[in-house]
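Chemist: Modelling step: build the complete structure from the supplied sequences, incorporating the hints.
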Amino acid sequence: MKDKFKNALILFVTFLKIGAFTFGGGYAMIPIIEKEICEKHKWLRGEEILDIFAIAESTPGPIAINSATFVGYKVAGFFGAFCATFGVVLPSFVIISVISLVLKEFSEYKAVKYAFTGIRAGVLALVIKALVSMYKKCPKSLFGYILMGGAFILSAFTEINVIFIIIGCAVIGLVYSAVLRKRGKEI
Amino acid sequence: MSIFLEFLKLFLTFFRIGAFTFGGGYAMLPLIQDAVLQNKWLSEEAIVNFIAVSESTPGPFAINIATYVGMERGRALLDLPGGFLGAAVATLGVVLPSFIVILIVARVYKKFQESKTVKGCMNGLRPTVIGLIAAAVLNIGTTVFFPDGFSLSALNPYNIVVSLVIAVIGILLIFKKKIHPIILILISAALGIAAGFAGELIR
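Protein chains in written order, with this note's numbering: chain A, 1 to 187; chain B, 188 to 390.
It is worth saying that the hints were derived from the structure and are not from the lab.
The beta-carbon is built from N, C-alpha and C at its ideal position, and this holds for glycine as well.
Every clue listed holds true.
Stretch-level coverage of chain A by chain B, calculated; a stretch enters the list once three of its residues show a Cβ under 8 Å from a Cβ in chain B:
(1) 8 to 22
(2) 51 to 64
(3) 68 to 77
(4) 96 to 107
(5) 120 to 131
(6) 142 to 151
(7) 168 to 175
Modeler: Below, the structure written as structure tokens:
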């Protein structure tokens, strides 16, 4: 019992560090998790971390939260999951709360307004880069292209709620995979 | 509507966003744009500005944006204490679905990994998320080039040219030179300031 409490505390501190020092979250967290959880504390093996991230990808919720909760649970049960998740969230929460307090007043200055006009164009470049990287990682197929294009058109040019598009495409994926399996194709 | 219901709505909105986000990074962006613009909690311009803030501060984008939207919405409702309440409520909302789902999946994760249902859904979801993010990127592009809409009187050729130049420089730097996002943001800020004051001289 005492060990479990101690482990949960270490988890909290570890994920606090991860939350405070990784930019972007998600996969950027893997190297620190491997170093702290696998090498230093030997709580999990490297393959287990990869498994956890594979699952974090296919369960609802952002990867950063999913993987923190999962690692915490594997190491120290429910309390561990709570501590790890709380740890990864806390730095963001504090930093962003403080920033948003000053952001509005700050952005009244003319120079800051001009800066943000430039920054928005820079952000466009950043999100295009993120989009291209995601596209490169996605398995390609005709079926995939149709869904990609369909989701793009529905989201960009209609008022349909994004959530309905997501549910619809999950169902289509499910049915399509079942049909392929019936025809004896493995996908 | 009473204040309590407004905070409840904030919580439920972010709970839904958390529950329907698949993947990391910007996978949440389309859902955020949809909900935030529909409820008029923030402008699209504020969202794009915040992406830059989130890229320059540590922590996952999902948490950063939830905290930010919650803070802004809460302050509009109840000033500073409302801001912290809103931030807490939105962040809790976005985290909770993950937390619950993972606690369930962690017990049966071998089965989950082999599940044909999960694989099938993911076959549909992976390309869909990319299509949705592409639409979110299109929204951002529209905000960058046409911040005041498409009408002829709102068109600002100077802004369009400046933004185009900065975006192209940004794309070249990040794809070819692979510079860090923070450096790119600093460069775009400097170019934006220079272009803004130069624009005043021209006019």
